[in-house]
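Colleague: Read top to bottom, the protein sequences are chains A and B.
Read in my numbering, the first sequence has 72 at position 34, and its numbers run on one by one without any break.
Read in my numbering, the second sequence has 204 at position 166, and its numbers run on one by one without any break.
Hints may be right or wrong, so weigh each one.
It does not matter which identical chain is used: a pair holds within one copy or between any two.
To be verified - Below, in silico cross-link-like pairs of lysine-lysine (DSS-like), each with a Cα-Cα straight-line distance of 25 Å or less:
1. Lys48 <-> Lys181
2. Lys242 <-> Lys179
3. Lys242 <-> Lys143
4. Lys179 <-> Lys143
These are calculated hints, taken from the structure and not from any lab test.
One-letter residues, chain by chain:
Protein chains: 2
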Amino acid sequence: MTYCLGILTKEGLVMAADSRTNAGVDYISTYRKLFDFSIDNDRTILLCTSGNLSITQSALTLMQQDITAKAEVSLHTLPSMFEIARYIGNMIRQVQEQNRPWLEKDGIDYNCTVLLGGQIRGSEPELFMIYSQGNFIQASKEKPFLQIGEAKYGKPILDRVLSFETSIESAAKCALLSIDSTMISNISVGPPINLVMYEANSFKVRYRLSLNIDAPYLTQIRQQWGKCLNEAFEQMPNIDWQHYLNGDT
Amino acid sequence: MTYCLGILTKEGLVMAADSRTNAGVDYISTYRKLFDFSIDNDRTILLCTSGNLSITQSALTLMQQDITAKAEVSLHTLPSMFEIARYIGNMIRQVQEQNRPWLEKDGIDYNCTVLLGGQIRGSEPELFMIYSQGNFIQASKEKPFLQIGEAKYGKPILDRVLSFETSIESAAKCALLSIDSTMISNISVGPPINLVMYEANSFKVRYRLSLNIDAPYLTQIRQQWGKCLNEAFEQMPNIDWQHYLNGDT
């Protein structure tokens, strides 16, 4: 499994991903799922991938080949994030079509999903989720985060804390808490956690980190968050049973 | 969708369920999913159901018929919770077999899952999850809660707060918070929330409630929990980027 998320705020973008890949519980590996195709001073292009690893790796390799070959159409030449989302969607479709008959024969899931975040000079930062079928949706001020993979465990904290107005520092912190909560509840999501924080209009990816399970900051926020939740829980009022004992069931 | 959970603690049992049923988002109904087949001073038998409503309703009706007909084998006669779990599993199998060919033809999901909690005089309280195939597992001191339906959103709070040593009052509060968190993230889980708190060895279900979305207690804990989470989040230390800027990605 995998858990990646992207957050779009007025100050910029946060993209984060775990690194666990598994083919059954008896074959667990670590693969990077957060990729940076940026060009300083021109464009910031960040991708997170989930789903069938052979499909996403092939698609990434082909996209890198287009860049290296200085193809007319590539992540480095397309004029808008929308065009880039379409290009990535087409690349996924192409790789899936090549593999589909062989994977389908053995009932192997070839689905994959991609998060695309970034900014091209002259435009605002944007965040997309590209589905396995190649179509895509875009984050908005009303829905400033997108998740792929094992998204449910980590969603309540995002729902409660995030908005488009949240500072980018807080968004980064929230992304780490969301992934850490997921790791506690699902062992198929695992470290290291890779995270990039991009300041809008900087056209340079300055802030990136990779946290192992025992990274001091991760340990600190995990413990503090657990402690705060337990303290908050203790403070919650108990059910006033006297009130309900007289009522209906 | 549905979300139900059962919690087994040293002091007793908590069973709770939402009440939303939907056949597509354009057909949403309210059905009770928490059922009480207890006999005062003899046995406490509580069930929560999820999955195909026609299957669970039929199984419940047949089980009630066995009770009413004073059949030799029923929820009121079987000598142990283990035997009751097996009886319920067999009842589910029987109803599924009757309906399976017709539902399969139209690709309709006939799966269902049941939580069974209770106590029979002479034994300790026990909690089971009965799968759609009729087999079942049992909660333990190490894993004191079981969930069915839309379980993921509400699991992090349980993972962080609950243990077998938790007081039954706190377990009831935690169950409500877990369901409320789920309702915020998934509209297919909805009120009223039904909850039963059973004190071990009391052989009487004294504490039960049904909370609508605007119930004062639910509103209070929802607001207070949201406030506490946001305050706790604000207190979490920001990422020390200076530390990471010198390190690897």
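Colleague: Hint by hint, note whether the structure agrees.
Modeller: Here is what the structure says about each hint:
no. : hint              : in the structure
1   : Lys48 <-> Lys181  : within (12 Å within a copy, 43 Å between copies)
2   : Lys242 <-> Lys179 : within (23 Å within a copy, 52 Å between copies)
3   : Lys242 <-> Lys143 : neither (45 Å within a copy, 57 Å between copies)
4   : Lys179 <-> Lys143 : neither (43 Å within a copy, 44 Å between copies)
Comparing the model with each earlier hint shows violations of hints 3 and 4; every other hint is respected.
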